[in-house]
Structure formats: C-alpha cells, structure tokens
Amino acid sequence: MISARDISKVFNAGRPNEFTALHGLSLDVQMHETTILKGPSGSGKTTLLGLIGCMARPSTGRIFLNEREITSLPERFLTEIRRSTFGFIFQQFNLIKGISALENVMFPAYPTGEKFSTLRKRALETLEMFDLGKRAEARIEWLSGGEAQRVAIARALINKPMIIIADEPTAHLDTKLSHEFMGIMSDLKARGTTIILASHDPIVYDSDLADRVVEMRDGHVVDGGTGP
Amino acid sequence: MAIVIERHRHIIDYTLSSLLRRKGKNGALLLVYTMIVFILASVLFFTHALKREAALVLKDAPEIIVQHTLTGRYQTIPVAWGDRIGKINGVIAVRPRLWGYHYDTLLLANYTLMVPAENPPEPGSIDLGSGISRTHGANSGDMIAFVGHDGVPRMFTIRNILDSESQLLTSDLILLSEKDYRDFSGIAPDQATDLTLRVRNPREYATIAEKITRMYPDTRPIMRSEIQRTYDAVFGWRSGLMIVIFSAAALAFVIFAWDKATGLSAEERKEIGILKAIGWETSDILLMKFWEGTAISLTAFLLGIIFAYAHVFFTSSALFAPVLKGWSTLYPTFRLTPFIEFGQVATLFFLTGVPYTITTIVPSWRAATIDPDSVMR
Amino acid sequence: MAPRCSTLFLGSTAGLALTLGGIFLHASGEVRASRPVFARKAALARQLELTDLCLFTEASYTRHPSMTDPSTPFQDAPMSLEHFPSGGLVGPPPHLVSTHGHRD
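Protein chains in written order, with the working numbering: chain A, 1 to 228; chain B, 1 to 377; chain C, 1 to 104.
Same shape as in the complex, but just chain A:
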C-alpha cells in the first residue's frame, strides 16, 4: 500500500510566484488495484503523481511505500526505488528523438549495469508484446502516434515494475487509441500490476478498470480518498 499523510507541495516558496499545489492531502493507494485521480487541470494530480512516484519530495508530510517511509531518503535510494518499483507513462510520451524505439525502451535500465544481452532480449520481447517487434530499430520520429504510445508503455515496463503511473495518458490520443490504451492497462491489471492514472478524460475515469476514483480539486481530495 502507498500512504500519503498530510502532504503539501509548495513551489517557489518565499518568492512572489509562490504556489501551493497540494494542501495537507492524505491518500491511500492499495496494491494490485487501479486508482484513478480525476479532476481538472490545476487540481494537483500531476504533482501528486510525482510525489508518489518518488520523483520529488513533499514540502511537508510523509509518504510510505509498503510501510517504508520514503520521504526522507537520500536521492540515490529514492532513484533506485523509483527505477525498480515504478514505471512512468507521460502525457507527452517523452521518448528521446533521433534514437531507436528499442534503445528508448532499454534506457531506464542502463544505470543498473544489467548485462546487455539480457536487457536487449527483454526489451525486444516487451516490444513484441505490443506488436512492435518489426519497428524496434525504427527511430521515434518515424513511428505513428499509436506506435509511440506503445513504445512509451513498453519503456515503463522494462524494469518489471510493481506500479505503473500514467499522467493524462489519453490526452493526445483519439478515441480508438484511448480504448486501445485502456485495453493494455487491463491486461497489466490482470497480471497484478498496481496502476495509478491521472486523467480528466471520461474514457479513463468512467471505465470499469477503476477500482477507485479519487476526485481532486485545488490541491485537495474532494471525494474518494480514504484516511488510515
């Protein structure tokens, strides 16, 4: 279980453009479940995802990952946890241009010093899982929107993470691709992966994939969040 207790996040503290994204928010996310954060832009969904995913530290409050507090860990440990536990799918895919799909998928594992041949094999298998085996050597710019989306998902899966975090995954996709995406997510869910999605797209938050929908507004949980 992931627990967030009274977390706040303030950006540009002390400066004229100080901005509080989250106000004393508490939330529990259960493992093997799919949790969806719903709310308009500016509600703090992205910030919350970043905090849960060990990308940043909260200004106040604590976050626990399976009973272990991660808020005060040094960067090195935080990065290691992030790398091995979480897989991220970004709104804009954030694949590195000019480089092949296969290499993009392998990048998250580079710092681990894993043996090249095993890594490459696994990356290829993951791509094949998404029918991208033939496009493995293609450069990112040459892929269609749907192919790029699947490469982004494959990249998120390379380190066999427990938890998948996706921020507005369908924002740049048409209906067909959005449904495809949700289909892939339900496959992952069937395999026991914990999924946390942030979206203001009804295709996502109204789908029967969701075990829980947490509604957010202005940095607060409005509905659906549960205390300890």
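In short, the hints are calculated from the structure, not lab data.
Every value quoted in this text rests on a predicted model; they were computed, and no experiment measured them.
All C-beta atoms, glycine included, are put in the ideal place defined by N, C-alpha and C.
Do not rely on the hints blindly, as some may be mistaken.
[Said to hold, decoys possible] Restraint-style ranges between C-beta atoms, simulated for each label pair: (1) Lys87/B - His83/C: 38 to 48 Å; (2) Ala117/B - Ala17/C: 44 to 54 Å; (3) Ser12/C - His32/A: 25 to 35 Å; (4) Asp142/B - Ala43/C: 21 to 31 Å; (5) Asp142/B - Thr13/C: 48 to 58 Å; (6) Leu319/B - His172/A: 49 to 59 Å; (7) Pro123/B - Ala43/C: 37 to 47 Å; (8) Arg68/A - Thr7/C: 44 to 54 Å; (9) Arg32/C - Met1/B: 53 to 63 Å; (10) His83/C - Asn89/B: 39 to 49 Å; (11) Ser12/C - Pro322/B: 25 to 35 Å; (12) Pro78/B - Leu25/C: 51 to 61 Å.
[Claimed, not checked] Covered by chain B, according to a simulated footprint, are these stretches of chain C (three or more residues, beta-carbon under 8 Å): (13) 19-27; (14) 90-96.
Starting from the known structure of chain A, fit chains B and C onto it as the hints suggest.
Only chains B and C this time, still in chain A's reference frame:
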C-alpha cells in the same frame, strides 16, 4: 565489477547514440579538434627532434670563435690577431677559418663555401654537399663551374659528394682548398673569416672571451655553449610563426568551450529531465556528459598524435614544407630521427583534453540536478 | 545486428592507444639505431668545424644563426621588416639577445 563496467558501457552506448544524432556537427567538431591536435603535435615533434639533432651533432662545435666587427657588422679578421690571441693563458691553438657565401645567379641559390681544416681538396677540385649535387645533377668526377667575385667563372672537378645522410649539416657546402677559396672570393691574403680557438679548460671560456675583447675591443667571441643554445631558440615559442599557430589553436578551443559553456539548449535540458524521470541519477547524467566530452577529445587526441607522428617522421613534415622552404632554392629534406618525449605527449593530452571535457560537464551540472518531476509539467 | 556502439568505440580507442604505444616503441628503436649515424655526423661537424645546421639557405642569418650579428636581420635600417619567410621561424639566438653575462 562487471556491473560497474556494464553501467559505463551502457552510458557510453547512450552517449554515442546521442552524438550520432547530429552526425554533421559532431563529425565536424571531431575533425577540427583532430586537426588542431595534429598541427600542435606536429610542431612539437618537429621542433623537439630538430633541437635534439642540433644538440647531438654540434656537441663538439668549435670552443670559441672570434669574429671581427666593423660598423656593427661582422667583417674579415686579420690573421695576425691570432698570434696575440694565441698567447692568452689557456688557449692551446688558434686557427683561422675561411668560409663564406656564394649566390648562384643561375639557380638563385645560396651556397656556403668552406676551407676544411683536415683533408682539403686539391686546388682545382671540390667536395659538394648533396643538395648542390642534386640541383646541378652533378656527381663525383664531373666538372662544375662557379662565377667568382670578379665575375670570372672557375671550373672545378668534383672530388666527393658529401653523404646525404648528413644533409641537415652539409647540404649546401662546397669544400675547397685555401688557395682556390682566396682566389674565388677575393679575400685578402692576410685576412680570414674568423678564428677558432682550442682551449685547455672549458671553465675558462668566459675569462678568455673577456681577455680577447679587452685585447681587441671590436671582436666578438662566440662560445660553444652559445652555439648550442642557438638551436634551442630556433622555433622557440617567441618566433612569429609559433605564436600564430598557438594562438589559433587556443582560439579554436575557446570557441569550443564557448559553445558548451553557454549552457545547454532547451532540448538538451529536456532530455536530461526525461532521463532523470525514467530512473537515471545525477551521477549517471554527469557520467554521460563526461563520456560525451571524452569520446570526442580522446579520439581526436589519439588520431591527431598518430597522424602527427606519421607526418613528421614518415613524410618528413610534408605539410610544413612550403613554410620551411621559404624562399630558399636549396633545402634539405627534414628526415628527422623520432625523438619524442612522453612528457610532451602527456602535457598535450591534458592541455587539449581536460579543459574540453570540463566545459562539457560543468554547464550540465545544474541541469543534472533538477528534480525529475519537472518533466511531468 | 550491428555490434554495440560502445564495443566499437572502446575497441577502436584501444586500437588507437595501442598504436600510440607502438609509436613510442618505434621511436625508441629508431633513436637507438641512429646512434652511429649521429656519431658520424658529430665527427663530420667537428672535422669541418661547423657551427650550424643547414636548414634555411635563404639568408646568412637564417643559414648561420649562431654566427650572425645583430644588424644583419635588420638589413639597412633598424625598422626594416622581416622579409625572409624563415626569419619568422628562426628566433634570434639567446646570446644576441642577452649581454655577455654568465655563460655555461
């Protein structure tokens, strides 16, 4: 251990993929960088080898040479002065030297004529340096004519051609007998070009030189150590051309550094953000930047040095030839023995490689430490 | 599939580094082999009482820099500019630039 190596190799893979994306720009950078190392190394190798050559070959140069100056320029010296100088305490022997220049109007070349101390040619015959033999197409036994001081040509039989092995010493020499030289050059019978001294004790050079100048104030003694040090100053860094070369190289590096130091482009910063978001630490990013700088500087350095060595010692500095020839019509082939010093090569490595790598890493420092969640926004 | 980038890079860098090592070996071999040649040249220089290498035959002060006097490069006037290309390469010998002070 294997993990550490593999991590480095992964990061190098990324760095190379990244560099290959801008093949043109990085290719040009590598080329220019290599050329700079090539030129600097060629100059270093060439001048160093030449200085060692001079040091080894001129180590037994005459101990003291006495010149006579008139109106600030050097003129012939009365042979009689040698008698008084020879009486100075410590001087074993004084010998007048006869030598001078001859300008060949036909081939527009300067030759050095000399009367050798030992085994001079018979009157009527001469020894030729290999350079003259080559330009005239003349060999032993041939006859050759030179126009003397009075405009009258004189025929000589060539006795020997001096070995081309010693061309850096003798290429333009014409050795002839004293009688022939005096006749050819018109130098008065009681004069010589200069005097050479043999001294008993090397520590007395300075004292003897002072005594000579006191005895004859319009003489200039030149000592063996000064002769040898001349060749340390040839191609010294103060010579005009060297300053130009080094300044150009320094300028090129400043331009490289400027390009890097003005910070990363937005695209580069975004990519670093992405890498951090997907699991790379700050140290991984910095390592990547290190390899980015090192890949180029190490390759350029190795290629530059290797080509420079081949250039100077296998092609006898072919690319420098136009500069070295200048306006000479007679010039040696600069076939030098490869004296190279590890210290020089190492210094060049540090001077060219380290600043470049540093300017690749330092501007990335800030970008490397950003919070990965900035990419999510 | 093409070999890994890092393999190519590390391999070629290793190759170049080995070549550099080979160069040092070659150089020291050549230097050793040239000792008798230098001995001969030094003997010749001693016999003929030579004071300079024959590098640049353009002008007297580039042909015999150790023998030259301060006025020759300036030709006829103190402000006259260098007009022999090798004059730009060959710096004045130290003993012209400094006074007859300490020696050796």
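Going down the list of hints, with the structure as the test:
1. For Lys87/B and His83/C, the Cβ-Cβ distance of about 44 Å falls inside the hinted range of 38 to 48 Å, so the restraint holds.
2. For Ala117/B and Ala17/C, the Cβ-Cβ distance of about 51 Å falls inside the hinted range of 44 to 54 Å, so the restraint holds.
3. Between Ser12/C and His32/A the CB atoms are about 49 Å apart, so this pair departs from the stated range of 25 to 35 Å.
4. Take Asp142/B and Ala43/C: their Cβ atoms lie about 27 Å apart, and the range 21 to 31 Å holds.
5. Between Asp142/B and Thr13/C the CB atoms are about 56 Å apart, so this pair conforms to the stated range of 48 to 58 Å.
6. Taken as a hint, the range 49 to 59 Å holds for the pair Leu319/B and His172/A, whose Cβ atoms sit roughly 56 Å apart.
7. For Pro123/B and Ala43/C, the Cβ-Cβ distance of about 26 Å falls outside the hinted range of 37 to 47 Å, so the restraint is violated.
8. In this structure the supplied range 44 to 54 Å is violated for Arg68/A paired with Thr7/C, their Cβ-Cβ distance being about 39 Å.
9. Evaluation of the 53 to 63 Å hint for Arg32/C and Met1/B yields a failure: the beta carbon distance comes to about 40 Å.
10. The hinted range of 39 to 49 Å is satisfied by His83/C and Asn89/B, whose Cβ atoms lie roughly 45 Å apart.
11. Between Ser12/C and Pro322/B the CB atoms are about 33 Å apart, so this pair conforms to the stated range of 25 to 35 Å.
12. With their beta carbons about 56 Å apart, Pro78/B and Leu25/C fall inside the hinted range of 51 to 61 Å.
13. Using a Cβ-Cβ cut-off of 8 Å, 6 residues of the stretch 19-27 of chain C lie near chain B, which meets the minimum of three, so the contact claim holds.
14. Counting residues of the stretch 90-96 of chain C whose CB lies closer than 8 Å to any CB of chain B gives 6, which reaches the minimum of 3, so the coverage claim holds.
Checked against the numbered hints given earlier, this structure breaks hints 3, 7, 8 and 9; the rest are met.
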